[in-house]
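Start from chain A and add chain B according to the hints.
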Amino acid sequence: MAARVGIVGIGHIKFGNLSEYDLVDIMAYTATDALIDAGILEDRRVIDQVFVANMGGGIINHQTGIASALVSRLDLEPTPAELVENGPASGASAVKLGWMAIASGMADVVMVVGGETMRKVTGWLATDFVATLLHPEAEYNMGLTLPSFAGMFTRLYMERYGITERDLALVAVKDHENAAKNKYAHVQEPCTIEAIHDSPDAHVINNYVAEPLRIYSMCPVSDGAATVILVNMDSPKAAKFNKKPIRIAGIGSATDTHCVHNRKDPLVLEAVRLSAERAYAMAGVKPQDISFAELHDPFVILEIAISEEVGFFPRGKSVEAIRRGETRINGRLPINTSGGLKAKGHPVGATGVSQVVELVRQLRGKAEQGRQVKDPHYGMAVNFGGFGNNVVTVICAKE
Amino acid sequence: MIDFSVYDKKQPEIYAYKCPKCGTAYYPVSMICAKCSNRRDPSGIVYPDWEKLPLEGPCKLLTWTRVWALPEGYDRPYLLFGIVEFPGGLRAAGRLEAENPTIGMNLVAHVEESTERPGPPVNMFVFSED
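Line order of the protein sequences matches chains A and B. Take the first sequence: its position 295, counted from the start at 1, is 295 in our numbering, and no numbers get skipped. Take the second sequence: its position 76, counted from the start at 1, is 76 in our numbering, and no numbers get skipped.
Bear in mind the hints are in silico, worked out from the structure with no lab data behind them. On a predicted model such as this, the values are computed, not experimentally measured, just so you know. The beta-carbon is built from N, C-alpha and C at its ideal position, and this holds for glycine as well. Incorrect hints may have been included.
[Claimed, not checked] Output of the computed footprint for chain B on chain A, the stretches with three or more beta carbons under 8 Å from beta carbons of chain B: (1) 116-124; (2) 131-140; (3) 202-211; (4) 257-266.
[Stated by the list, open to error] Beta-carbon label-pair distances, calculated as ranges: (5) B:115 to A:73: 37 to 45 Å; (6) A:159 to B:112: 23 to 31 Å; (7) A:21 to B:72: 22 to 30 Å; (8) A:198 to B:88: 39 to 47 Å; (9) A:205 to B:42: 47 to 55 Å.
Excised from the complex, chain A in its bound form (with noise of 0.2 Å):
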């Protein structure tokens, strides 16, 4: 039987516009965050394993070898430390590597930090940084992108489903409610149904940006970092920890086909529902056992599909919850309790780790008031790299 996982510390920067600081600055400012949540500052040494998740280092702030710079940083030599670049699925992989560090015995203490600053840089070239995860020849050079793939992707579904445009930006209403009242999320503002779609002047603040999908149907471009830590929740080590352990129940991460158009249906998205799969069957619940969930939506498009895959709602059908309101934090099952990528932010890098960190955050009962979520269980985080091709799920749960 494998090790119990449980997460003990956490730390989280106000996602937005953070040019003007160092990227290895930000995230070792949320490593100590964290090392203090879990009353090990001075302590620090106990950790046997640093993963920093990040994307765009290279191609973005031309800097490399980023594990190594951070754990410099937080004066944590000579404790080892990788970097893990999985998309913007790089954090929960980053999670579900230190998981499996734990389980495989070859660590007690994991620090999981994620982090990317993409606002160094113009949107045109964040942009085209994203799309560099596509497929060269067949996708990157026809000029595509990841908003163009949503595009698409949103086109088909509303075909098929019969979802409107007031349905996305239904979504976005509920998602930027709940950042509104998220100290971390990038936009703090909340938007009505009116302004966006139903006034006959929506069109002038919600223009389109890749039709269907409009302006308030994506994230903005974030700089941010997040920081889990990890521990062997039976090893002698876990007494030093000042927090109750939220445990990790499940984890699972799946595949897909790198070219979007090879997959037999496009609307499919196999990787995240095998990922899920992979959650439950590891942590012994099903979809309506979670209370709560985070789920990848830099479109809002993403939120509906991916709702559905893991089985919260049959295909086609969760935009019938939307609109009575399920999804909303007083509802049958919040989603995207943080405000979700949509309206928190997306630095691909740390977004897998900063669903995490919402997950203990409600878990433990401390989130902000007029966004918790009354007593949950089970949280579960969806991160999705690619468009679907590389998929990571986690499942916390309070002991």
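Just chain B, lined up with the frame of chain A:
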């Protein structure tokens, strides 16, 4: 002086690759055939390379978008993109040139050279109504 290089200039092409063992075609190319597990050797030295088939001609539009936020290098307000299916089932993504695109419409795929992004020219699909 005559510039002979103009005579070497070829029409840009994008290829599908056919497994010589079972005949399954792939776009883009794979290293292992998903159907019969036959391997490929891009050098053609140790094992034969797979047959290259120019991919173009009639196709059907599966989905499309008009993108208003383009990456660095594209000096125009928007571009249309689509995913198409060729007879036989191979699919591809690329540029779309159509006045009023609709899912399921018939198109023709051809290959053009693109010099919009920094770096050497690249080949891209253009799907148009004619």
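Review point. Looking back at the numbered hints, which does the structure fail to meet, lowest number first?
Key: When the structure is compared with the hints, none of them turns out to be violated.
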